[in-house]
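Make a model of the complete structure from these sequences and hints.
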Amino acid sequence: MYLGWTDYGVLVILLGLSGIIGLYHGCIRSKQLSANEFLIADGQMKALPTAMSLLASIMSAATLLGGPVEIYAYGTMYLYWIVAWIIGTYFTAYLFIPMFRQMGNISIYAYFEQRFSLSVRIVITSMFVIVNTIFIAIILYGPCLALSQVTGLHIWFSLVSCGIICTLYTSIGGMKAVIWTDVAQTVTMFIAIVLSIIFGFIDAGGIRKVFEIATAGNRIQFDNATFALSTRYTIWSIIIGGSFYTTAVYSCLQTQGQRYMCVKSIRAAQKVAWMNFIMYSIFILLCACVRCILYAKYSQCDPLRAKLISKPDQLYPLFIIETLGRFPGLTGLFIAGILSASLSTISSGINSIATVVLEDIYKRIAVENSMTDKKQAIISKILSLIIGLLIVFLAFIASYLGDNILVIVFQIAGSFVPPILGVYLLGFFAPRVNSRKSSTLETDDLHEPEKSIVEQQQML
Numbered sequence: 331m332y333l334g335w336t337d338y339g340v341l342v343i344l345l346g347l348s349g350i351i352g353l354y355h356g357c358i359r360s361k362q363l364s365a366n367e368f369l370i371a372d373g374q375m376k377a378l379p380t381a382m383s384l385l386a387s388i389m390s391a392a393t394l395l396g397g398p399v400e401i402y403a404y405g406t407m408y409l410y411w412i413v414a415w416i417i418g419t420y421f422t423a424y425l426f427i428p429m430f431r432q433m434g435n436i437s438i439y440a441y442f443e444q445r446f447s448l449s450v451r452i453v454i455t456s457m458f459v460i461v462n463t464i465f466i467a468i469i470l471y472g473p474c475l476a477l478s479q480v481t482g483l484h485i486w487f488s489l490v491s492c493g494i495i496c497t498l499y500t501s502i503g504g505m506k507a508v509i510w511t512d513v514a515q516t517v518t519m520f521i522a523i524v525l526s527i528i529f530g531f532i533d534a535g536g537i538r539k540v541f542e543i544a545t546a547g548n549r550i551q552f553d554n555a556t557f558a559l560s561t562r563y564t565i566w567s568i569i570i571g572g573s574f575y576t577t578a579v580y581s582c583l584q585t586q587g588q589r590y591m592c593v594k595s596i597r598a599a600q601k602v603a604w605m606n607f608i609m610y611s612i613f614i615l616l617c618a619c620v621r622c623i624l625y626a627k628y629s630q631c632d633p634l635r636a637k638l639i640s641k642p643d644q645l646y647p648l649f650i651i652e653t654l655g656r657f658p659g660l661t662g663l664f665i666a667g668i669l670s671a672s673l674s675t676i677s678s679g680i681n682s683i684a685t686v687v688l689e690d691i692y693k694r695i696a697v698e699n700s701m702t703d704k705k706q707a708i709i710s711k712i713l714s715l716i717i718g719l720l721i722v723f724l725a726f727i728a729s730y731l732g733d734n735i736l737v738i739v740f741q742i743a744g745s746f747v748p749p750i751l752g753v754y755l756l757g758f759f760a761p762r763v764n765s766r767k768s769s770t771l772e773t774d775d776l777h778e779p780e781k782s783i784v785e786q787q788q789m790l
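Counting from 331, one number per residue, gives the positions in the sequence shown under our numbering.
It cannot be assumed that every hint is accurate.
Claimed, not checked - 20 Å max Cα-Cα, derived PhoX-like pairs, lysine-lysine:
#1 LYS627 / LYS601
#2 LYS705 / LYS693
#3 LYS637 / LYS627
#4 LYS693 / LYS376
#5 LYS641 / LYS627
#6 LYS539 / LYS627
#7 LYS594 / LYS376
#8 LYS693 / LYS704
What the hints contain is simulated information worked out from the structure, not anything from laboratory work. As the structure is a computational prediction, the values presented were derived from the model and not from experiment.
Following this line, the structure appears as structure tokens:
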């Protein structure tokens, strides 16, 4: 099925809104004469929009498309992730956020230089830049592929349009543009999901019937406590492993850590973390509802086995086409919701990569001893533009990937984030460990002015 003109109209309006917000904050409301204003909005943002932006940076299109499919295929054990998010949010709010704020640096990786050495800081920053760039390219490509194969929307149209629009408003508008577009995109995502749930329940014959079918098919389960390593989701694997994962995602990535610098105080940053948890929990529950609806509709004929679709990520878009396709504009709204999920993650990623390249690499190796705030702001914008174009290019290369994009995202994050969390915890709880013991690189002794941070960690 192909999109109608009404669907294209809704899609263009919602995507154009993101560009307008970026231009407004970059050219009209603020001249952005400093790197602080461009990268962290001068620390003047309110908690609610910042929390929505934090949610948007985590809730990618991979989660929107892959989350319901994971629950559809493997059951509601996935909901135990909410418990893991509680634990991860707690450690982030009361261990990491105070430390990040007290450092007084835009980059959260400045800790590694203060605790260990410059070499450790640069190595971890380089890992973040490389892995996160690849990660964002997959986030851009995956949803575009799923949509193109189900709706007929040409993949290169959605890929290039999303990539270019996102790069422009991020490089022009900075963090304020990113946060406020994230707010608009988060609202769009939730509206799209809620509408799909409402019409899905109606189409399936009501809420009771949906859950009766799901229960009869043994798809609603919460009691898998096995220790078998071959089982995909168990209580222990999600709560224990998920707690470490969520702590790492919230605390060890510049993309999320930068949001905690955008508000005025530690207390406000902690509020951001907990508000984000509440909204993310709602999203997970909505995904569970979508999953039950998908199972009720396709339990007798799996579209993947029937070759109606070629990849699991196409299941949710197929459902939307078949359920909402008869209502002009609603399919376009859903597609806008998916693309909004991509845009929010991509813009956050571009901004965070530009931040660490400027703070952790360029300013550390620049010939100049000091740079004016205006020059730093200009360099930040140029870096954002270059990184955005590179991500669009890498998205073309991602066409060789298969499988559920949510699984790919977890695999990439799982190979990168835990080592960073390990080095953080090493610095917190092993005060005798120095740079020579945390890295195989040749390092220097800690600088005298940095003792205050180290002494604080030794007291933990």
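Handout entry: Indices of hints not satisfied (ascending)
Key = Numbers 1 and 4, in rising order.
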